[in-house]
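Trainee: Protein sequence lines correspond, in order, to chains A and B. Read in order, the letters of the first sequence are residues 0 to 488 in numbering that gives the first Met the number 0. Read in order, the letters of the second sequence are residues 0 to 100 in numbering that gives the first Met the number 0.
If you're looking for bench data, these hints aren't it; they were derived computationally from the structure. One should not assume that every hint holds.
In the BS3-like style, the derived pairs of lysine-lysine whose C-alpha atoms are separated by at most 30 Å in a straight line are [what the hints assert, rightly or not]: (1) A:Lys484 - B:Lys19; (2) B:Lys19 - A:Lys335; (3) A:Lys301 - A:Lys384; (4) A:Lys335 - A:Lys301; (5) A:Lys301 - A:Lys378.
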Amino acid sequence: MTIPDTMSEIANAVRSGVCAAEQIATDALSRIHRAQPAMNAFISTHDDEALADARRIDKARDQGERLGPLCGVPVAVKDNICTKVGVTTCGSRMLSGFESLYDAFAVQRLRQAGAVIVGKTNLDEFGMGSSCEHSASGPTRNPWDTQRVPGGSSGGSAAAVAARLVPGALGSDTGGSVRQPASFCGVVGLKPSYGRVSRSGLVAYGSSLEQVGPLTTTVADSALMLSVIAGHDTNDSTCADRVVPDDLGALHGQLAGVRIGVCEAHFAEGLDAGVAQVVRAALDTLAASGAMLVPVSLPHMKYATACYYLIATAEASGNLARFDGVRYGRRSEDAKDIGDLYSRSRGEFLGLEVQRRLMLGTYALSSGYYDAYYAKALKVRTLVKRDFDAAFAEVDVIASPVAPTTAFARGEKIDNPLSMYLGDVYTIAANLAGLCAVSIPAGFDDAGLPVGLQLQAAPFQESALLNVAHGFQLITDFHRKQPPKVEAV
Amino acid sequence: MAGEFDDNLVRHVAHLARLKLSDEVIHSFASHLSRVVDYVNLLNEVDTEGVPETAHPLAAVGVMRDDTVGPSVDHDEALRNAPDRGDGFFRVPKVLDQGDA
Chain A
0 MTIPDTMSEI ANAVRSGVCA AEQIATDALS RIHRAQPAMN AFISTHDDEA
50 LADARRIDKA RDQGERLGPL CGVPVAVKDN ICTKVGVTTC GSRMLSGFES
100 LYDAFAVQRL RQAGAVIVGK TNLDEFGMGS SCEHSASGPT RNPWDTQRVP
150 GGSSGGSAAA VAARLVPGAL GSDTGGSVRQ PASFCGVVGL KPSYGRVSRS
200 GLVAYGSSLE QVGPLTTTVA DSALMLSVIA GHDTNDSTCA DRVVPDDLGA
250 LHGQLAGVRI GVCEAHFAEG LDAGVAQVVR AALDTLAASG AMLVPVSLPH
300 MKYATACYYL IATAEASGNL ARFDGVRYGR RSEDAKDIGD LYSRSRGEFL
350 GLEVQRRLML GTYALSSGYY DAYYAKALKV RTLVKRDFDA AFAEVDVIAS
400 PVAPTTAFAR GEKIDNPLSM YLGDVYTIAA NLAGLCAVSI PAGFDDAGLP
450 VGLQLQAAPF QESALLNVAH GFQLITDFHR KQPPKVEAV
Chain B
0 MAGEFDDNLV RHVAHLARLK LSDEVIHSFA SHLSRVVDYV NLLNEVDTEG
50 VPETAHPLAA VGVMRDDTVG PSVDHDEALR NAPDRGDGFF RVPKVLDQGD
100 A
């Protein structure tokens, strides 16, 4: 029996009895394990628990019980999102073997909806990276070309969905970490508006910037996942107490009359010609279906990356202070006293890129430098946000590339962190301003590598955003293309 | 502000961050941090006179709940990941009469 491709189709098949959840889970786990040596998308799998969950769903169906919107759907969870089952390592030696005491809010919501969590995916350590090369569990390989990176930090989730190991996965996006890997892997990656999804259970990196977001093969599935995980949570005081629209999962995809903002500065030097070509063709496709392309100006965009790397690292220096070897995580064996315990544990078990960012953030907040760096960045952030407020008075969504390049080769940027940071240029502003933003497959370059189109909308305008994205998927089929099977090395 | 990160500044910041780093790493961080600080100095081009800070994209301030007692984490559960424990506590090396901690 053929298992359907999308999350909504799988849920329908399970609900109607056409497919058994246990068969679907067994099949997903089998594919995951076959692909694992070559791709390394997963840090851990929850085989026994997933099969038990699936059997429970089949039994509930047989007994005529009401099943949730994601019943029987296998889902993977990025390993910086807490699960009670198994471990949550954040891709770090510091948290090797760490067992979370609770499920993240988004995980609880998925489970309540009947989803079957099959395992935890690889990531750049603590979410800090754009290539999935900075992980204690080794790099993940892009299924489109295994010599290339899947992007990061949610590289494992993006690769797993691209390779059709699971139809959906959770990632987290602090500066582009859902959208950029989605672009590199040819899948849909959504960063919800800040405060749309609870951050409870997401191990914090940049608290004022990040959101948990879905990676899927279709925009319709993305909307479905968002409708399940979005909403108010009293355990996250930064979560918006705002009603989630009922029609979030019901997309019409109408493009006629939609005003799409395009910023010419986005197409300046530094953007790969192949990427520019695909993105411009996508804009033409949208225009041909009745959307209006409207020039917009975002004058402070060129400062967004500098702004982000001060704010995110400053917040990280506070958020990662808890990893001190005292209550959880690895502890150095050589400590002579308590101060030594902190410094040695953090020195030994946090990775180099994490340490680099903690150093930058600590410096930016330190006495004598706070005003020049952190406070200055917060003011520039206001100007970045104001640019978007002005633009969204004229347009419904803003379209742009997701990244300046397609997936680069493994090892290519690892010795040049600054060059890695500069790759975040298109995605980062949405995190500073709290916008919602999505990357959707828009085509392929001459080397056959996926290119994403980014759409951004004002905070809490996910319906408008996803309707345009869905509209694009109704008239194109890039999102249906799959990489060749990744199996034996 | 100079983007001059020398090894001594790195050592100072590493101490603030409670990171014990080898001399080799300290030296490589000096060069990396110099380059990044040089880059972020770009923000000096922006006129931010009179511009308020945005620490947070949502305006919400002082989100509270009623001060009522409810179930919390079980004591033993809270110790589950402890690297060292004793008598129901997290156990660490002595805190008192040490140098600067």
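Trainee: All the hints need checking, so say for each whether the structure fits it.
Mentor: Hint-by-hint comparison with the structure:
| no. | hint | in the structure |
| --- | --- | --- |
| 1 | A:Lys484 - B:Lys19 | violated, 44 Å |
| 2 | B:Lys19 - A:Lys335 | holds, 13 Å |
| 3 | A:Lys301 - A:Lys384 | holds, 13 Å |
| 4 | A:Lys335 - A:Lys301 | violated, 47 Å |
| 5 | A:Lys301 - A:Lys378 | holds, 15 Å |
This entry does not satisfy hints 1, 4, going by the numbered hints stated previously.
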